[in-house]
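Engineer: As they're listed, the protein sequences go chains A and B.
Going by my numbering, the first sequence opens with residue 183, and the numbers climb by one from there.
Going by my numbering, the second sequence opens with residue 170, and the numbers climb by one from there.
These aren't lab readings, by the way, just hints derived from the structure by calculation.
Warning: the hint list may mix true and false statements.
Quick list of the computed label-pair ranges, beta carbon to beta carbon [to be verified]:
hint: 1; chain 1: A; residue 1: CYS324; chain 2: B; residue 2: ASP202; range: 40 to 50 angstroms
hint: 2; chain 1: A; residue 1: HIS188; chain 2: B; residue 2: GLY242; range: 51 to 61 angstroms
hint: 3; chain 1: A; residue 1: PHE193; chain 2: B; residue 2: GLY233; range: 37 to 47 angstroms
hint: 4; chain 1: B; residue 1: SER252; chain 2: A; residue 2: GLU259; range: 24 to 34 angstroms
hint: 5; chain 1: A; residue 1: HIS188; chain 2: B; residue 2: ILE177; range: 46 to 56 angstroms
Chain B is nowhere near these chain A residues, computed Cβ spacing over 12 angstroms in every case [as the list claims (entries may be wrong)]:
hint: 6; residue: MET189
hint: 7; residue: ASN199
hint: 8; residue: ALA227
hint: 9; residue: GLU230
hint: 10; residue: ILE253
hint: 11; residue: GLU263
hint: 12; residue: ASP270
hint: 13; residue: ASP271
hint: 14; residue: LEU274
hint: 15; residue: GLY290
hint: 16; residue: MET296
hint: 17; residue: GLN308
Built from N, CA and C at the ideal position, the CB exists for glycine as well.
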Amino acid sequence: MVGKNHMRLEFLSKSQNESFARVVVASFAAQLDPTIEELADVKTAVSEAVTNAIIHGYEDRVANIIIECTITEDEIEIIVEDKGKGIDDIELAKEPLYTSRPELERSGMGFTVMETFMDKVDIESQKDVGTRVMMVKRFESCQK
Amino acid sequence: MLTKFEIINNDLIVKLDGELDHHTAKTVREEIDREIDENNTKNIIFDLEGVHFMDSSGIGVVMGRYKKVQRLGGETGVINLSSRVEKIFKMSGLFNIVKKFENKKEALERL
Numbered sequence: 183m184v185g186k187n188h189m190r191l192e193f194l195s196k197s198q199n200e201s202f203a204r205v206v207v208a209s210f211a212a213q214l215d216p217t218i219e220e221l222a223d224v225k226t227a228v229s230e231a232v233t234n235a236i237i238h239g240y241e242d243r244v245a246n247i248i249i250e251c252t253i254t255e256d257e258i259e260i261i262v263e264d265k266g267k268g269i270d271d272i273e274l275a276k277e278p279l280y281t282s283r284p285e286l287e288r289s290g291m292g293f294t295v296m297e298t299f300m301d302k303v304d305i306e307s308q309k310d311v312g313t314r315v316m317m318v319k320r321f322e323s324c325q326k
Numbered sequence: 170m171l172t173k174f175e176i177i178n179n180d181l182i183v184k185l186d187g188e189l190d191h192h193t194a195k196t197v198r199e200e201i202d203r204e205i206d207e208n209n210t211k212n213i214i215f216d217l218e219g220v221h222f223m224d225s226s227g228i229g230v231v232m233g234r235y236k237k238v239q240r241l242g243g244e245t246g247v248i249n250l251s252s253r254v255e256k257i258f259k260m261s262g263l264f265n266i267v268k269k270f271e272n273k274k275e276a277l278e279r280l
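Just need the whole structure built from these sequences, with the hints factored in.
Structural biologist: Okay, structure coming up:
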């Protein structure tokens, strides 16, 4: 049993930090002894959330992205936060294949990937204040 | 991300090595498009054996290249998908437009 643990990470919204962010979160999650598949789920979801913050939240402007992770028992809660422009219509943004920036050749699958790979995804967003994506992953490998 | 190209009878084989995310997608996309344009490419085959991470940015890259070759009557194939990458392909419906083959030989014969 790992007990409760927490970490906070702040970094610039540069695209080279996408791999940095997902590797850091995966390393933190590793203490729960997840399977390789579960860890890959977490990495992919974090990558989507961070990419959204860079492209949509800050629209390629360089500012700070904050990730907070909390481990409780057999699950990890991951919050990815930006202080960018916010999402106009969250329900629309969550629809598969929808993208607000088709010129960038985005697939519009970001939220679908997050919702498929994580057990819970919640989005809070306010125009010109920012966006918080909260995700929870429960590791089956811990439930013994 | 390392991108290698091979051209066999106007078919372009793109071998990707590394992590395909939003950061690497831009360069990969530009490199592939240049090859397509310069070589009068008909079909495109993605060899994804070396891709050990891919998120939805990768879906965008494959969809974009599919549209590009499709305009000139070409098709898109994929080979050597890890179970992980295959999961992302399935989720996004990419297999509706992109054909999966066992190996390069089969892809070249059947496209």
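Engineer: Evaluate each hint against the coordinates.
Structural biologist: Now for the hints, and whether the structure bears them out:
In this structure the supplied range 40 to 50 angstroms holds for CYS324(A) paired with ASP202(B), their Cβ-Cβ distance being about 45 angstroms. Look at HIS188(A) against GLY242(B): about 56 angstroms separates their beta carbons, and that is inside 51 to 61 angstroms. About 28 angstroms separates the C-beta atoms of PHE193(A) and GLY233(B), a value inconsistent with the hinted range of 37 to 47 angstroms. Against the hinted window of 24 to 34 angstroms, the Cβ-Cβ separation of SER252(B) and GLU259(A) comes to about 27 angstroms, which satisfies the hint.
The given range of 46 to 56 angstroms is respected by HIS188(A) and ILE177(B), whose C-beta atoms sit roughly 54 angstroms from each other. Every CB of chain B lies more than 12 angstroms from the CB of MET189(A), the least distance being 21 angstroms, so the non-interface label holds. Distance to chain B contradicts ASN199(A) as a non-interface residue, since its nearest Cβ pair spans about 8 angstroms, not more than 12 angstroms. At roughly 9 angstroms from the closest C-beta of chain B, the C-beta of ALA227(A) falls inside 12 angstroms, breaking its exclusion from the interface.
Some Cβ of chain B comes within 12 angstroms of the Cβ of GLU230(A); the nearest lies about 6 angstroms off, and the non-interface call is violated. Against the 12 angstroms criterion, ILE253(A) stays outside the reach of chain B, whose nearest CB is about 23 angstroms from its own CB. Its beta-carbon lying about 18 angstroms from the closest one in chain B, GLU263(A) satisfies the requirement of being farther than 12 angstroms from that chain. With 12 angstroms as the threshold on Cβ separation, the claim that ASP270(A) sits away from chain B holds: the shortest Cβ distance comes to roughly 20 angstroms.
Taking the minimum C-beta to C-beta distance to chain B, about 19 angstroms, the non-interface status of ASP271(A) holds against the 12 angstroms cut. Its beta-carbon lying about 17 angstroms from the closest one in chain B, LEU274(A) satisfies the requirement of being farther than 12 angstroms from that chain. Separation of GLY290(A) from chain B is inadequate, the least Cβ-Cβ distance of about 8 angstroms not exceeding the 12 angstroms criterion. Its beta-carbon lying about 9 angstroms from the closest one in chain B, MET296(A) breaks the requirement of being farther than 12 angstroms from that chain.
Its beta-carbon lying about 24 angstroms from the closest one in chain B, GLN308(A) satisfies the requirement of being farther than 12 angstroms from that chain.
Violated hints, listed in ascending order, are 3, 7, 8, 9, 15 and 16; each of the other numbered hints is respected by the structure.
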